[in-house]
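Peer 1: Following the hints, put chains B and C in place on chain A, whose structure we already have.
Residue numbers (the working numbering), protein chains in the order written: chain A, 149 to 413; chain B, 14 to 302; chain C, 882 to 1236.
Worth double-checking, as some hints may not be accurate.
[Unchecked claim] SDA-like mimics (lysine to any residue), calculated; alpha carbons at most 20 Å apart, straight line:
| no. | chain 1 | residue 1 | chain 2 | residue 2 |
| --- | --- | --- | --- | --- |
| 1 | B | LYS119 | A | GLU409 |
| 2 | B | LYS119 | C | GLY907 |
| 3 | B | LYS119 | A | ALA394 |
| 4 | B | LYS266 | A | THR358 |
| 5 | B | LYS119 | A | ARG404 |
| 6 | B | LYS119 | A | VAL151 |
| 7 | B | LYS119 | A | TRP152 |
| 8 | B | LYS266 | A | ARG371 |
| 9 | B | LYS119 | A | VAL170 |
| 10 | B | LYS296 | C | SER1025 |
[What the hints assert, rightly or not] Cβ-to-Cβ under 8 Å is the rule here; a few derived chain B residues that face chain C:
| no. | residue |
| --- | --- |
| 11 | GLU198 |
| 12 | GLU201 |
| 13 | ALA202 |
| 14 | SER209 |
Since the hints were made in silico from the structure, they are not lab data.
Glycine included, C-beta positions come from ideal geometry on N, C-alpha and C.
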Amino acid sequence: MRVWWRRAFMGLVALYLLLPIVVIAGVSLNAKKVLFFPPQGVSLRWYEEFFTSSDWSAPAVRSLIVAVLAGLIAVSIALPLAYAVWRWGTRWARAVMLLGLAPFALPPVVTALGALVLWIVLRSFGQPYSVVLSHGVFLVTLPLATITLGFASLNREVVEAAVTMGATPGTVARTVVWPNLRPYVLAGYIFAFVLSLNEYIIAYMTVGFTFETLPVKIFNSLRYGYSPVMAAISLLFFLVATALFAVVGRVGDLPRLLGAEARSD
Amino acid sequence: MTPDGASSRRGVGPNLLLAWPALALFVLFVGPLVVILAVSLFRRVQSAFFEPAVVLDNYARALEPFYLERLWVTVAIASGAALVCLVIGLPFTYLLARLPRRRQVKYLVLVLASLSLSEVIVAFSWSLMLSRTSGASNALVWLGLLPSPQAWSPGLAAVLLALVFIALPLTVLTFYPPVSRLNPELVEAAATLGASPLRAFMTVVVPVLRRAVAGGLALVFIFVLGAYVIPQSLGRPAQWTLPVQITDQAILKSNLPLAAALAVVLLAAGAAVSIAILAFGLKRQRSEA
Amino acid sequence: MQRRPQATSEGSARALAVRGVSKAFGGTVALDDVNLELPGGKLICFLGPSGCGKTTLLRTIAGLETPSSGSVFLGDEDLTALPAHQRNIGMVFQSFALFPHLNVVENVAYGLRIRGVPKAERTARAQELLELVRLPDMGARGVSQLSGGQRQRVAMARALALDPSLFLLDEPLSALDAKLRSAMQVELRRLQRELGITTIIVTHDQEEALTMADLVVVMGAGRVQQVGAPLDIYRQPVNRFVADFIGTNNLLPATVTGPSEVSVLGVRLPATVRPGAGGSVWLSIRPEDVVLHPQAPAGVALQGRVTFVRDLGRLVESYVRVGDMELTVVTGHGVREGAEVWLELPPGKAVVLTT
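So here's chain A without its partners, still in its complex pose:
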């Protein structure tokens, strides 16, 4: 009896999480150009339009570029920082670490406004690189958390054993640390990438009018003329993200990457 309740509860929550995507899928497959759900007739024309019309593919490409670069920046900040804290743990390192964990703890609208005024002051308002950098810093927290977990999961004794066998810090980093760290770095990058891809408010405030990314375009479209193409795109992005995470789950130990202890079951 108790098992039934638990399963029902978890199933309900899973259903809650799935509902929007089911709706989106339905809208994207609707043959008619109406944002109706359930769909009336099935068609893939919206997916076609996404790939053929530059109206939509251009913002999508812009989002991808920003996401790829912002993810790299986020990891480029997170990795040396986490390494410095793990290896030396100086007060300075820990202070910067706190700074790195903070961005996600700000109300998102404040982060966006801050980015806006900063770039104005730096006379770079509207430049494409402004959103890349702002995303890169805003999204540092997730890679930082996962990479720190990665370092924490390293068995210090293995490192010490390597050292006693004569390995220099560089060799230790290359042969012992990096192979174990790789999945965590990859997971962190994917987090930052996916979140940047779908981020709205910062992109809107910084480059909303000059370098329109996909979420911005979708939001604008919702107000004025809309098209089920955005549902098609969203479903595509959702599937890509699911595929990425599923691969990580298959190849790596997803529970462990997210903070569980290593177990043998």
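Peer 2: Same frame as chain A, but now just chains B and C:
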């Protein structure tokens, strides 16, 4: 002993490595906050963005009844959404962490993939689900539970439903590490001492995880506090939170100083509530038995 | 401290019966048709190597695992369908599992609190139990301030607080260092005798089991291999597994050549052969029962050469090569390596094993 075997042979290593992170974080994280503070004291100008000055006009406006009411609504909605996330998210994560690994992965992938839905799409999708013409109410009418279809969006329910939706993955991911590391024998011990599963959860799991729960709750609260898209598109003007006003002032009304002042007020309120939550989580255990 | 009688009309502890219990985890079989009738009021040890199923069996009795088939009875009461929190058992876990957010007295009183006992009463009872486990002044301490041995005793006090019908302990002494372990073995024994509660201890340490237990259940590969008093298990193992697992043993392949005779390496030795046993068997004899003669004795003996002598202070172990086998023999001092010796295997001490 540091991991490289040396006792404190640091040299220039750490500072060199920290240079880029420190620079990036200072300029692009601390910088914006400083500029917001500064701009909140500036004067609004028609021709340019703003004019450097030190005036308190913006704060005077930001603390007018209208905006204070907006602040109150914002904090109330955010608190409500955060609490719902806690009540749903903590048991969910707890049950999740006890599943065999393979089943866990399925749920985790779902949770992570939900993160990949843009707030815009979430708002769109929920507005559709709650609309009168093609929303869920039609299903209830068909089942005979409602006389006629209702429009539940825009409205408070819609805002809360959608806010909980976007914050739930974050809740689960924040609770997951401490919950999954909890010694399972603690709950088993409680069971052998006569506690039903629910009782064991309330008297052992939650108190033991108190700190983690407080931290997660504070994080989710702040996250929801600063949400823009969902209150704006799923809420009626009564539910338009402070972020909606901030964005409004910043972009549509080009009044950056006021927007900045409002942002500072929001930050202060958010910080105050978070500190209260954390203080509760960190307070010394008094005798509970 | 007032000794509380077990809650039965007879005034004695009820017997525990495990009937046909099997448990599989996915593809692995942890318990394979386990049948036990255990008397009440005794200290029982489940003994076996890791992976033998002893902990699974204990957890099944506790209600923390549901058997795939079979049932668990306490007296007349069928426990099988009852969840753990409705069985009246007290359990001490390997990690002790003390609640970190409660202090010592609150930990011990936890079960009473769940039952709704008012605070004053449960604090008094908790204090009683702390005195029973000889930790009277530790009540206000936090769990993290306790040593390993103290934690264990708090865990025991907590488990006993509700007057359980069964007292179950999962490897309770494995986390303690050797000296403390010996002291705790005596403590547990004393406690059990004083309370008269049916106690089951899971352990992989045979010395522990043989020292403490009234009854030992030897398990291997998910099955019960042998049940008996420690001395019986030691002297009369029923199969090779038990003979090999308990203490050091010499296991010699042999053939039955007569109603009370076996042949080892071609030498016919008198032995106690059970009626019905025949063909290839194993002869099991303890090192301390083998008699070493420097010259050929009058009776039948195996000839061999000493390969290694280990002086352990208290006793001397000599390794003697006989044919292609090596036997371990406890001898006095003065045995020299390389010496030729004769080993006598008294028939009363050697056990013939068919499995």
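Peer 1: All hints are to be evaluated individually against the structure, with a verdict given for each.
Peer 2: Now for the hints, and whether the structure bears them out:
Taking the CA atoms of LYS119 (chain B) and GLU409 (chain A), the gap is near 18 Å; set against the 20 Å cutoff, the hint holds. Annotation: proposed proximity of LYS119 (chain B) to GLY907 (chain C) holds, straight-line Cα distance about 19 Å (limit 20 Å). Between LYS119 (chain B) and ALA394 (chain A) the alpha-carbon distance is near 8 Å, which keeps this suggested pair within the 20 Å criterion. Between LYS266 (chain B) and THR358 (chain A) the CA atoms are separated by roughly 18 Å; this keeps the pair inside 20 Å, and the hint holds.
Straight-line distance between C-alpha atoms of LYS119 (chain B) and ARG404 (chain A) comes to about 14 Å, which keeps the hinted pair within the 20 Å bound. With a C-alpha separation of about 18 Å, the suggested pairing of LYS119 (chain B) with VAL151 (chain A) holds against the 20 Å cut-off. Our distance criterion of 20 Å between C-alpha atoms is met by LYS119 (chain B) and TRP152 (chain A), whose separation comes to about 19 Å. Note on LYS266 (chain B) and ARG371 (chain A): the hinted pairing holds, with a Cα-Cα distance of about 18 Å set against a maximum of 20 Å.
For the proposed pair LYS119 (chain B) and VAL170 (chain A), the alpha carbon gap of about 17 Å is at most 20 Å, so the pair holds. Restraint check: the Cα-Cα separation between LYS296 (chain B) and SER1025 (chain C) comes to about 17 Å, which is no more than 20 Å; the hinted pair holds. Checking GLU198 (chain B) against chain C by beta carbon gives a least distance of about 4 Å; that is within 8 Å, so the hint holds. Of the supplied interface hints, the one on GLU201 (chain B) holds, with its beta-carbon coming within about 5 Å of a beta-carbon of chain C, less than 8 Å.
The interface hint given for ALA202 (chain B) is met, as the beta carbon of that residue sits about 4 Å from the closest beta carbon of chain C, less than 8 Å. With a cut of 8 Å, the hint placing SER209 (chain B) at the interface with chain C holds, because the nearest CB-to-CB distance is about 5 Å.
In summary, this structure violates none of the numbered hints.
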